[in-house]
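Number of protein chains: 2
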Amino acid sequence: MDLVVVGSVGLDDVETPFGKRERALGGSANFFSLAASFFTRVGFVGVIGTDYPAEGVELLKSRNVDVRGLEQVEGPTFRWAGKYGYDLNQRETLLTELGVFGDFSPTLPEDYATAKYLFLGNIHPALQLDVLDQAKGAEFIAMDTMNFWIEGTPDALKQVLGRVHALLINDSEARELTGESNIVKAALAIEQMGPHLIVIKRGEYGALIYQKGQFFFAPAFPLEDVVDPTGAGDCFAGGFMGYIARHDDTSWDALCQATIAGSTMASYSVEKFSVDRLVDLDPAAIAQRAERFRQLTDFSPLRPLD
Amino acid sequence: MDLVVVGSVGLDDVETPFGKRERALGGSANFFSLAASFFTRVGFVGVIGTDYPAEGVELLKSRNVDVRGLEQVEGPTFRWAGKYGYDLNQRETLLTELGVFGDFSPTLPEDYATAKYLFLGNIHPALQLDVLDQAKGAEFIAMDTMNFWIEGTPDALKQVLGRVHALLINDSEARELTGESNIVKAALAIEQMGPHLIVIKRGEYGALIYQKGQFFFAPAFPLEDVVDPTGAGDCFAGGFMGYIARHDDTSWDALCQATIAGSTMASYSVEKFSVDRLVDLDPAAIAQRAERFRQLTDFSPLRPLD
Chain A
1 MDLVVVGSVG LDDVETPFGK RERALGGSAN FFSLAASFFT RVGFVGVIGT
51 DYPAEGVELL KSRNVDVRGL EQVEGPTFRW AGKYGYDLNQ RETLLTELGV
101 FGDFSPTLPE DYATAKYLFL GNIHPALQLD VLDQAKGAEF IAMDTMNFWI
151 EGTPDALKQV LGRVHALLIN DSEARELTGE SNIVKAALAI EQMGPHLIVI
201 KRGEYGALIY QKGQFFFAPA FPLEDVVDPT GAGDCFAGGF MGYIARHDDT
251 SWDALCQATI AGSTMASYSV EKFSVDRLVD LDPAAIAQRA ERFRQLTDFS
301 PLRPLD
Chain B
1 MDLVVVGSVG LDDVETPFGK RERALGGSAN FFSLAASFFT RVGFVGVIGT
51 DYPAEGVELL KSRNVDVRGL EQVEGPTFRW AGKYGYDLNQ RETLLTELGV
101 FGDFSPTLPE DYATAKYLFL GNIHPALQLD VLDQAKGAEF IAMDTMNFWI
151 EGTPDALKQV LGRVHALLIN DSEARELTGE SNIVKAALAI EQMGPHLIVI
201 KRGEYGALIY QKGQFFFAPA FPLEDVVDPT GAGDCFAGGF MGYIARHDDT
251 SWDALCQATI AGSTMASYSV EKFSVDRLVD LDPAAIAQRA ERFRQLTDFS
301 PLRPLD
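Quick note, the sequences are listed as chains A and B, same order.
Residue numbers for the first sequence follow the numbering used here, beginning at 1 and rising by one.
Residue numbers for the second sequence follow the numbering used here, beginning at 1 and rising by one.
Wrong hints could be hidden among the right ones.
Unchecked claim - Using 25 Å as the maximum straight-line C-alpha spacing, the simulated DSS-like pairs for lysine-lysine come out as follows:
| # | chain 1 | residue 1 | chain 2 | residue 2 |
| --- | --- | --- | --- | --- |
| 1 | A | Lys-61 | A | Lys-272 |
| 2 | B | Lys-185 | A | Lys-83 |
| 3 | A | Lys-20 | A | Lys-272 |
| 4 | A | Lys-20 | B | Lys-185 |
| 5 | A | Lys-272 | A | Lys-212 |
| 6 | A | Lys-185 | B | Lys-272 |
| 7 | B | Lys-83 | B | Lys-212 |
| 8 | B | Lys-61 | B | Lys-83 |
| 9 | B | Lys-20 | B | Lys-116 |
| 10 | A | Lys-185 | B | Lys-185 |
| 11 | A | Lys-61 | A | Lys-83 |
| 12 | B | Lys-272 | B | Lys-116 |
| 13 | A | Lys-116 | A | Lys-185 |
| 14 | A | Lys-272 | B | Lys-185 |
| 15 | B | Lys-83 | A | Lys-185 |
| 16 | B | Lys-116 | B | Lys-185 |
Worth flagging that the hints you see were computed from the coordinates, not collected in a lab.
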């Protein structure tokens, strides 16, 4: 096992201008592991209730995701309901019911604990710390977080930040975390909190990574039809970490490639509801879109001015 | 004369979180022509009042801008006052006084009318049409516009759109013009209105160009200190059109390079108030930043998945 993810598993009710889905497979660990599964074998740590459809677990297995870390316990699965507005950039959360996720205490199977690459999905910082204590073999740890923890549990969050190598975060949350409106200053401020790699997700504007004075930018893929943005950030993280783990390479060059891998998975994810687009993807399509990403920003050096 | 610009010339009061300037040189034609002057000789069409500082005109001359199309008439120069909030993305217009710009009737000197490249700055569409009628030699015409004309004079604007080759526009205005929230759909809708090249300016998120099914994306340069965003879009346009006119090349490859040239000029422009940063720039600095733009998005092809 090279890559482990700990995160939420849920059943989502999602409404966008393009349709509506109920009890669709969701949660950060689902999106992450399905996206990462195209690159490497993933160990999945999460919890589901007795109401979780068996097909959801079968889907993970069919993608060769290791589900020994996925517990099923008595009670309802985590539920989330949200509605996206016309421009898909704003979403309203209509419902959050923790269910069995409320008592989640992640336990890493022994060979998960020795995995070199670890992703801490967007869960309570106390749980993230708990996982960090178990993950004795982790050499490259990335995490996600959100405004809820930035506002609600800042001290625990700062402890986690002090122990990880990379933070993946939305731009608005990077601004909130640091109090810096300028995104360069925000990245520098996060660097002071611990992570040496900062990955800022900007939705329809793409993503950027920062490490030791260097920046790399990836645009979002220009899609005419975005059906459901739910999970795009988790798919980005899955592609990003999956690529790194597959090649066991955290050089700057590999991190830039991983950003494109992540952007590619995110761009596919939003084309259908829930995890549907990840299910019918194949490696050739991923390689093809990654190459189209190259063309999107590729240009010949400018001709001289004098 | 290869490149002509028609636009506003103003005296701006600008307040940002980083300071305040009064009666600073501003207006789309000023920013445009100073940025373009690093690439080619520009013919300047605009109007100033008797209160306009002589240094403003001298500055243009010192940059080899042709000011025979700049009229000075009795009355006050166009005035604009604005205030930027903490994140610099929102600005409030505090004052707009047209002054002599209210009776502006652009007249192109004879050799301007035969220029191959023409930029119609963000002015009343009726004036843009008037210029189009005079610019008999123009083979590549680009224009800018804004929400004020989209809402106020949509019919005249559509006439202009039907007669130009390129539209440079902010993303929010592209959405407003087309009623399309998705930026790909917005570009396709604008294409139907006339321009075959659509350049969408996204402020801190960079710029993208679209032509016949092809996209190119440029990030904004990651600056730690953005002092004054006023005129950034006009500097982008100046660098973009200046590059094209200098090389007399509208191939896709040249348009991508021109997008970087524009992004480079915009990125410098915002480092100081008004046109101050354009004054102390040199070609070596422009070449250097353009090369840094390359590094921002450059990556090796992804390693194979199977």
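A quick look at each hint next to the structure:
Restraint check for Lys-61(A) and Lys-272(A): satisfied, since their Cα atoms lie roughly 21 Å apart, inside the 25 Å limit. Restraint check: the Cα-Cα separation between Lys-185(B) and Lys-83(A) comes to about 22 Å, which is no more than 25 Å; the hinted pair holds. A threshold of 25 Å between alpha carbons decides the hint, and for Lys-20(A) with Lys-272(A) the separation of about 11 Å falls inside it, so the pair holds. Our distance criterion of 25 Å between C-alpha atoms is met by Lys-20(A) and Lys-185(B), whose separation comes to about 22 Å.
Taken as a hint, the Lys-272(A) and Lys-212(A) pair is broken in the structure, with Cα atoms around 37 Å apart against an allowance of 25 Å. Taken as a hint, the Lys-185(A) and Lys-272(B) pair is honoured in the structure, with Cα atoms around 18 Å apart against an allowance of 25 Å. Annotation: proposed proximity of Lys-83(B) to Lys-212(B) is violated, straight-line Cα distance about 38 Å (limit 25 Å). Between Lys-61(B) and Lys-83(B) the alpha-carbon distance is near 30 Å, which puts this suggested pair outside the 25 Å criterion.
Proposed proximity of Lys-20(B) and Lys-116(B) is contradicted: the alpha carbons are some 39 Å apart, above 25 Å. Our distance criterion of 25 Å between C-alpha atoms is broken by Lys-185(A) and Lys-185(B), whose separation comes to about 34 Å. At roughly 30 Å between alpha-carbon atoms, Lys-61(A) and Lys-83(A) are farther apart than 25 Å, so this suggested pair is violated. Proximity of Lys-272(B) to Lys-116(B) is assessed by CA-CA distance (about 32 Å); at most 25 Å being required, the pair is judged violated.
In summary, the hint linking Lys-116(A) to Lys-185(A) is not supported, as the alpha carbons are separated by about 30 Å, beyond the 25 Å threshold. For the hint linking Lys-272(A) to Lys-185(B), the alpha-carbon distance of about 18 Å falls within 25 Å, and the restraint holds. About 22 Å separates the Cα atoms of Lys-83(B) and Lys-185(A), which keeps this hinted pair within 25 Å; it holds. For a cut-off of 25 Å, the pair hint linking Lys-116(B) to Lys-185(B) is broken: about 30 Å separates their Cα positions.
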